[in-house]
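Asker: Residue numbers (my numbering), protein chains in the order written: chain A, 1 to 406; chain B, 1001 to 1332.
The hints are simulated quantities; they were obtained by calculation from the structure and are not laboratory data.
Everything numeric in this text was worked out from a predicted model, so none of it was measured.
A portion of the hints provided could be inaccurate.
List of simulated lysine-lysine pairs, DSSO-like, C-alpha gap at most 27 Å [what the hints assert, rightly or not]: (1) Lys326/A to Lys1085/B; (2) Lys1075/B to Lys1046/B; (3) Lys326/A to Lys1098/B; (4) Lys1085/B to Lys1075/B; (5) Lys1045/B to Lys1075/B; (6) Lys1156/B to Lys1075/B.
Here are some, though not all, of the chain B residues that point toward chain A, as calculated from beta-carbon distances under 10 Å [unchecked claim]: (7) Ala1123; (8) Leu1124; (9) Arg1127; (10) Asp1130; (11) Gly1139; (12) Lys1140; (13) His1174; (14) Ala1205; (15) Met1209; (16) Ala1240; (17) Pro1244.
Glycine included, C-beta positions come from ideal geometry on N, C-alpha and C.
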Amino acid sequence: MQLTQREAPPADLLIKGARLVDGASGLEGPQLDVRIASGVIAEVGSSLDPAGAEMIDADGLTMTPGLVDPHVHLRTPGDEDEEDIASGTRAAAAGGFVAILAMPNTSPVVDSAAVLNGLITRASEQAVVATGFFAAITRGLEGRELVDMAELAARGAVGFSDDGRPVERAGMLRRALQYSSVTGRKLSLHEEDLTLTAGAQMHEGAVSAELGLHGYPSIGESVMVGRDLQIARYEGAPLHLCHISAAESVAEIRRAKELGVAVTAEVSPHHLCLTDELVRDLDPAVSKMSPPLRSDADRAALVEALADGTLDCVGTDHAPHRAHEKEVPFEAAPNGVIGLETAFAAVYTNLVEPGLVPLATVLERMSTGPARAFGLPAPALRVGRPVHHGRETAPSEGARCRDGAR
Amino acid sequence: MDLYPPTGLARRRHLLSIGDLERADVERILETAEGFESVMHRDVKKVPTLRGRTVMNVFFESSTRTSSSFELAAKRLSADTVNLKASGSSVDKGESLKDTVLTLSAYDPDVIVIRHPQAGAPALVTRHTDAHVVNAGDGKHQHPTQSLLDLYTIRKALGQVEGLQVAIVGDVLHSRVARSNIQALRLLGAEVLLVGPPALIPRDAAAAMGVTVSYDIGDIAEADVVYVLRMQRERMLEGANYVPSLTEYSALWGVTPERVQPSQLVMHPGPINRGVEIAAEVADSASSRIVDQVRAGLVTRMAVLYDLLTEPTTRGGQAALRAVEPAGQEVA
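The shape of chain B in the complex, shown without the other chains:
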């Protein structure tokens, strides 16, 4: 994975944006994740692969899925973990991100996983640490590990991503998941359709990101995968009137049982707002892969940590095999 070494520091591989990955990188990580899958079914779900390594999870924004799965991923690989949340840390005392990073880097972590409400925070972190940096979501910019787990989920359900039609529905403007996923899906050969209110689809989306844009929810009928986004009210400017009301939004763009077919896969990065962007019946239906996505998050993040901390080989399968030798064997 030839990932964006920051200038001025020792060459380090980071995972900041899907846009920096090549198809081979993504496929290698997904294969590694598959290798880890078997570990999940054992009684002892831990391997010694990253013993002695330190992973710091630094979350400046609330998170359930991402923070818990990064923590568990590191622990399943036997790495030491430090979990820091913005509240209860020196950030409350006015410490800058740069100073927080310099402080944490004094412990020589191998990986810093960062989530931050502002785009560009992970890029800033790379300028002040020798650790590998993983972007766990920055502002409306990127959320690359979410995309990797979504690709993993789609591949598992449908066999491949190449040639699929994926409709991303809802508040694309404020969604880092949408931005990462558009790049990831196209990298693996899928076609992407964006559906939502005009003000919530970036004006230049079609030209900039190689997607088709529609304001008509009826256009999701042809899609193999319907990927639903939450209305991210916490990121919206006050009084911006992107849509007149959530009632209007649900009426025009809500993913309801009559708008999806049983043959279509329904996904959502969570947290979901039942009855707003997705009807409860759809979220709980057999088409829904929402819980599978969460499960995929664990092995995918294990694969990302593994990939950053080991020299990637061109044959991901082999790398994964090495990674999953059970803990007991190596100790013996």
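Only chain A is shown next, with the shape it has when bound in the complex:
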């Protein structure tokens, strides 16, 4: 397994008076100084001496472990005019992320060692945060032949995913799960029964009935979640489920966890914060994605599941498009919205501030949770841990979101 980033001079600095919150270590609230020497946390305490190092006055700010995003689209290779490794990782740094995992549904698809090697090389030159790459489960995402999973794992793939498409055939998924145990890398699954979602434009419900947009029913996701959890249980194989959006899927995952299935699952900031009511504006740039924004009952179920750990992590499903591709009638627009820069602020504003989920829990789900799901080192505010010091500034979201990350 491999995370790659551009070499940067190790930081030497003193952060004064930050409120430290770390979901993993249970550290919550003390106002302390943190000294970083040669890129490693050297000392945590009160009234530390800057000793010539650069100093940041963090009075009134909160310091947390860096965030980890298990699901982004860097559009590289092939669509670098939408996003490239440099711009995508800068967005990640601006959002407080120190590690991101990129999906392989690119042009060409990351289904060979050559494409994967090319990405890792580019990341070593351009990535400003640690970046891992998924390889496809099936060649060309076509669902017919498995990729050479062992070779790709050896070359550094962090896991396997046909994201953007489901693995339609149960038999194929079974083979992939069996073989993934050899590679030690997880499958990350996009769950969708295409026979239930053909032509879908938005969540099937009261709003779609009124707007006349073809619906993506919640069962379009949950029947596939149910199927794959059964296969995983039968095979005793771990698996990860992408961007869970429906209450029915949450129920399936909860039950599977009770039965001992080694499943981890992720939810996007937009599914935690927004509902299908937003589609009424018919602006695809803000409200068209797959899976779609769902009902308020679904949203409430997702928030509850994030709080109780049924959902292990937040993944942005950051999916940039060319502006002109979204400046079209709603029905003609592609799916996908961006999320890296605003993920933490959105979740903080909509979940932490109203008291729905404690900050420490949110941080766990956005840092340790995703790291653990993919066997990555978990960022932590502890002496001896490395520090990735970025200098990107998140955009102001005006009244809609509180406090970005730095």
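Using the hints provided, position chain B relative to the given structure of chain A.
Answerer: Okay, now just chain B, sitting in the frame of chain A:
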């Protein structure tokens, strides 16, 4: 009419959805349309009301009734008209809707009337033009002027809409007319019953739209108005099997002479498929108002253009009177 000003542009009134109208808006437009009715019976059927104004009709989808009546409505009001169809335009050369709108807006039109196969197209147009935008049908979403002309037709035939029972029969799922009409009928106090095959009635219709749902054609017996929809095969997903066949559809949900009473009004937005959703005998019967609907389309669309381009007054009747002064008088 306080209609949805798009953000970021000068405040403009548009007609995008019935859902954005209040009852007073609808009543004012219907009264204005009534005022225009008298013009239709004159030898010279033209008034100078919108002289010097420009109305652009942009149709990205085939249309007989709507495009012809918008064109004629604008002409009867003395507006200049430009009619653009998707085929034969730059759209054939790959131009985006945004660019088409920017191009047309360079001529400073007062109104852009747009029909488009995709929901949300009129909303997009409002983001790129200073003109008033009228939705002449977008995807399966809305067709507000059809609803206004249907209300006009019902009011003329039965005196009022309040308290009526209206059964909408057939392919509701793919029908922008049904969506607009449900909102319009309920806004004016009618009760709506949807009747059709389960797969062609939106799953959450009852809760979302305040209607009653039935899969039994027998339930139309109580309705004052039977509003028949076409099976919109061009909008159906291939292989979706909403119903096993049109034969089964006609047998279970076709509006046939034995299923309607002479006292019931029968309406249809057209085009009709005789023998599929409606029997020829019903379409041609004394109960049918299908041709009246087309005629109502002209005065209703005149009223919509008039309403958008003049400051609405609270007393629609007066506004209409001003609108119908014959062309000759003002010239003199």
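Asker: Double-check methionine 1209/B for me: the hint is only fine if its C-beta lies closer than 10 Å to a C-beta in chain A.
Answerer: 6 Å, holds
Asker: Given alanine 1123/B was flagged as interface, is its beta-carbon under 10 Å from a beta-carbon of chain A?
Answerer: 4 Å, holds
Asker: When the nearest CB of chain A is found for aspartate 1130/B, is that gap smaller than 10 Å?
Answerer: Interface hint status for aspartate 1130/B: violated (17 Å vs cutoff 10 Å).
Asker: Taking the closest Cβ pair, is alanine 1240/B under 10 Å from chain A?
Answerer: With Cβ-Cβ at 7 Å, under 10 Å, it holds.
Asker: Let's test the interface hint: is any C-beta of chain A closer than 10 Å to that of lysine 1140/B?
Answerer: With a minimum Cβ separation of about 3 Å from chain A (threshold 10 Å), the hint on lysine 1140/B holds.
Asker: If you take the shortest Cβ to Cβ gap from alanine 1205/B to chain A, is it below 10 Å?
Answerer: At about 5 Å, which falls below the 10 Å cut-off, the nearest Cβ of chain A leaves the hint on alanine 1205/B intact, so it holds.
Asker: Would you settle whether the hint for glycine 1139/B is holds or violated, based on the nearest Cβ-Cβ distance to chain A being less than 10 Å?
Answerer: Status holds, d = 6 Å.
Asker: Is lysine 326/A close enough to lysine 1098/B, meaning Cα to Cα at most 27 Å?
Answerer: 11 Å, holds
Asker: Are the Cα positions of lysine 1085/B and lysine 1075/B separated by 27 Å at most?
Answerer: Roughly 18 Å separates the two Cα atoms, so the pair holds.
Asker: Hinted pair, alpha-carbon criterion (27 Å max): lysine 1045/B, lysine 1075/B. Please report holds or violated.
Answerer: 10 Å, holds
Asker: Would you settle whether the hint for proline 1244/B is holds or violated, based on the nearest Cβ-Cβ distance to chain A being less than 10 Å?
Answerer: 17 Å, violated
Asker: Taking the least C-beta to C-beta distance, is histidine 1174/B closer than 10 Å to chain A?
Answerer: The hint holds - histidine 1174/B has a Cβ within 10 Å of chain A, the shortest such distance being about 8 Å.
When each numbered hint is compared with the structure, violations occur for hints 10, 17.
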